[in-house]
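Peer 1: Sequence:
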Amino acid sequence: MARAEQSPNGVSSNSKSADNNDKQIQPVRLGVLVSSIGIGIFMSALDESIITVGIPKITIHFGTDKLHVQWVVLVYLLVIVALTAGAGHLGDRFSTKRVFQSGMVIFAVGSLLCALTGYSDKLILLILARMVQAVGAAGLLANGNAIVARFTDDEKRGLAIGLAALIAALGVVVGPALGGVMIQYLGWASVFWINVPIGVFGFIYVHFAIPPTPSLEKDENQTGDPFGSILFAVFMTAFITSITLFAETTINRPIMWSGICFGLSILLFIGFILWERRVKYPFINLKLFKNRKFTIGIFCALATYIALNSVAFQLPFYLNDILNYTTLQIGLVIMTVPIGLGITAPIFGKISSKVDSRILSSIGLGAIFLALLIGSLLIKFESPLWFYIIIAAIIGLAIGTFISPNSNSVMSSVPKDELGVVSGFLQLARNIGYTIGTALSTTIFYFILNLVMQETGIPGETAVENYVPTVKILFGILGVFMVIAIILSVFRGPETWHENNNSHSKTIEDEEATLE
Numbered sequence: 149m150a151r152a153e154q155s156p157n158g159v160s161s162n163s164k165s166a167d168n169n170d171k172q173i174q175p176v177r178l179g180v181l182v183s184s185i186g187i188g189i190f191m192s193a194l195d196e197s198i199i200t201v202g203i204p205k206i207t208i209h210f211g212t213d214k215l216h217v218q219w220v221v222l223v224y225l226l227v228i229v230a231l232t233a234g235a236g237h238l239g240d241r242f243s244t245k246r247v248f249q250s251g252m253v254i255f256a257v258g259s260l261l262c263a264l265t266g267y268s269d270k271l272i273l274l275i276l277a278r279m280v281q282a283v284g285a286a287g288l289l290a291n292g293n294a295i296v297a298r299f300t301d302d303e304k305r306g307l308a309i310g311l312a313a314l315i316a317a318l319g320v321v322v323g324p325a326l327g328g329v330m331i332q333y334l335g336w337a338s339v340f341w342i343n344v345p346i347g348v349f350g351f352i353y354v355h356f357a358i359p360p361t362p363s364l365e366k367d368e369n370q371t372g373d374p375f376g377s378i379l380f381a382v383f384m385t386a387f388i389t390s391i392t393l394f395a396e397t398t399i400n401r402p403i404m405w406s407g408i409c410f411g412l413s414i415l416l417f418i419g420f421i422l423w424e425r426r427v428k429y430p431f432i433n434l435k436l437f438k439n440r441k442f443t444i445g446i447f448c449a450l451a452t453y454i455a456l457n458s459v460a461f462q463l464p465f466y467l468n469d470i471l472n473y474t475t476l477q478i479g480l481v482i483m484t485v486p487i488g489l490g491i492t493a494p495i496f497g498k499i500s501s502k503v504d505s506r507i508l509s510s511i512g513l514g515a516i517f518l519a520l521l522i523g524s525l526l527i528k529f530e531s532p533l534w535f536y537i538i539i540a541a542i543i544g545l546a547i548g549t550f551i552s553p554n555s556n557s558v559m560s561s562v563p564k565d566e567l568g569v570v571s572g573f574l575q576l577a578r579n580i581g582y583t584i585g586t587a588l589s590t591t592i593f594y595f596i597l598n599l600v601m602q603e604t605g606i607p608g609e610t611a612v613e614n615y616v617p618t619v620k621i622l623f624g625i626l627g628v629f630m631v632i633a634i635i636l637s638v639f640r641g642p643e644t645w646h647e648n649n650n651s652h653s654k655t656i657e658d659e660e661a662t663l664e
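The working numbering numbers the first residue of the sequence shown as 149 and each following residue consecutively.
Careful, some of the hints might be misleading.
[To be verified] Below 20 Å or equal to it, Euclidean Cα-Cα: the simulated SDA-like pairs (lysine to any residue) are: (1) K304 x L314; (2) K528 x N468; (3) K620 x I537; (4) K528 x D469; (5) K270 x W341; (6) K214 x Y594; (7) K620 x A515; (8) K528 x P617; (9) K528 x N439; (10) K205 x Q332; (11) K620 x V631; (12) K428 x F417.
It is worth saying that the hints were derived from the structure and are not from the lab.
Given the structure is predicted, the values throughout are model-derived calculations rather than measurements.
Assemble the whole structure, with the sequences as input and the hints as a guide.
Peer 2: Below is the structure:
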């Protein structure tokens, strides 16, 4: 989850910091700089991948279902969407180091609260604790690479950020396997306990390793758009709630309440658009959507993230509830995705500078579709563990094939002075896609499950006769998303580079490291 350098609106601390290197008070050795900031980046990346493996056990502990436990994931993403931009501006205005350290403390406290909910049977307490954790994550994500940028020159900055991205990728890869071992032998709360000592050590290390970072001189009118970011998060919350309520069975008239929330989300979205059109530095630059390549690239990325997190959220339940695999085995399956991504992303990132990104992106999307098609047609109760590892590996390799060329295409479609904004938009698309993927896949799952149970006449969502067909149909529906994305990708148009727009390669490298 190494999206540290960009706030979601793309008005990044990095770009401003990079232009203010005269503010550097003392030089910092590259190894010390990267390792100190890397602790916070590693911690947030580790937490994101570990929680995926732990969700089934959390569901069992609280005696709930995935329709409700999904809010453990959703609320974390929504808070990050709301606060990351503001945290970046706080870092610029006051001190990137102090905001980063505050993020570490809040993240550690939030993790402690999450762990303590293991002694409770109230799911709402874990959800609230995850909100606290997300507040800390916003401080880390908005200011990590901003600190790197302030203490490195142009020659070393790319290397430093690349190393930080590598640390994040390591956290994503290690998370599922480590989480599998910890949950199997120590319980699900252990995946939160581990963040507490890491956070304390990281705070102390940053305090002594990184010199003070004074506030940056900036246009006093460039205050960002905190209201816009919060309004967007409220819109997303209403929209996601409308999706989750559609399949709700514990309240009266769920479809009516779903419709009310959806109507509210429409009003909020209209209000958000009107607000963004009148502010000088908007949270989302709506003018970018006039660019066909940008719009198609963002949509393709959004569809990919929806499919990715749908699989990442739903597959552990199937492997745990139906196939009775251990959390360690589930972790081995999930960690195959970032490993595959790590193999192909850098390779196709280099190739995309020579081969039309439209072609490479479409190939990557086609490979994701192939993996979903295999799952839709061939998943059986008798399928062995290696079958799911192969599907996860294909998805990881395919996403790595897609993400670098697609980012390349999006970044090369805009002038150089828009690179920061567009890079931030790619990160925002990731968060939105992950959020929608979790909620939409769960709602679709329960909708299909009810139809399948009516067809089979067998009660119980965990009955093999009900669950397996539901998973197969869900994979097929996700495949339709990919078909639409492939068609759009093909028609995005041939690659054209803006003059002097060659500095986006670093941003693409950062983007590669943000995925599972």
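Peer 1: Against each hint, give a clear statement of whether it holds in the structure.
Peer 2: So, going through the hints one by one against the coordinates:
1. Taking the CA atoms of K304 and L314, the gap is about 15 Å. The hint holds against a cut of 20 Å.
2. Annotation: proposed proximity of K528 to N468 holds, straight-line Cα distance about 15 Å (limit 20 Å).
3. Of the supplied pair hints, the one linking K620 and I537 holds, its CA atoms being roughly 16 Å apart against a limit of 20 Å.
4. As the CA atoms of K528 and D469 are separated by approximately 14 Å, the hinted pair is consistent with the 20 Å bound.
5. At roughly 18 Å between alpha-carbon atoms, K270 and W341 fall within 20 Å of each other, so this suggested pair holds.
6. Among the hinted pairs, K214 with Y594 is consistent with the structure: their alpha-carbon atoms are about 10 Å apart, no more than 20 Å.
7. Distance check on the hinted pair: K620 and A515 sit about 18 Å apart at the alpha-carbon level, within 20 Å; holds.
8. Taking the CA atoms of K528 and P617, the gap is near 9 Å; set against the 20 Å cutoff, the hint holds.
9. In summary, the hint linking K528 to N439 is not supported, as the alpha carbons are separated by about 44 Å, beyond the 20 Å threshold.
10. Of the pairs offered as hints, the one joining K205 and Q332 holds, with about 10 Å between alpha carbons and a cut-off of 20 Å not exceeded.
11. Between the alpha carbons of K620 and V631 the distance comes to roughly 17 Å, so the proposed pair stays at or under 20 Å and holds.
12. Restraint check for K428 and F417: satisfied, since their Cα atoms lie roughly 19 Å apart, inside the 20 Å limit.
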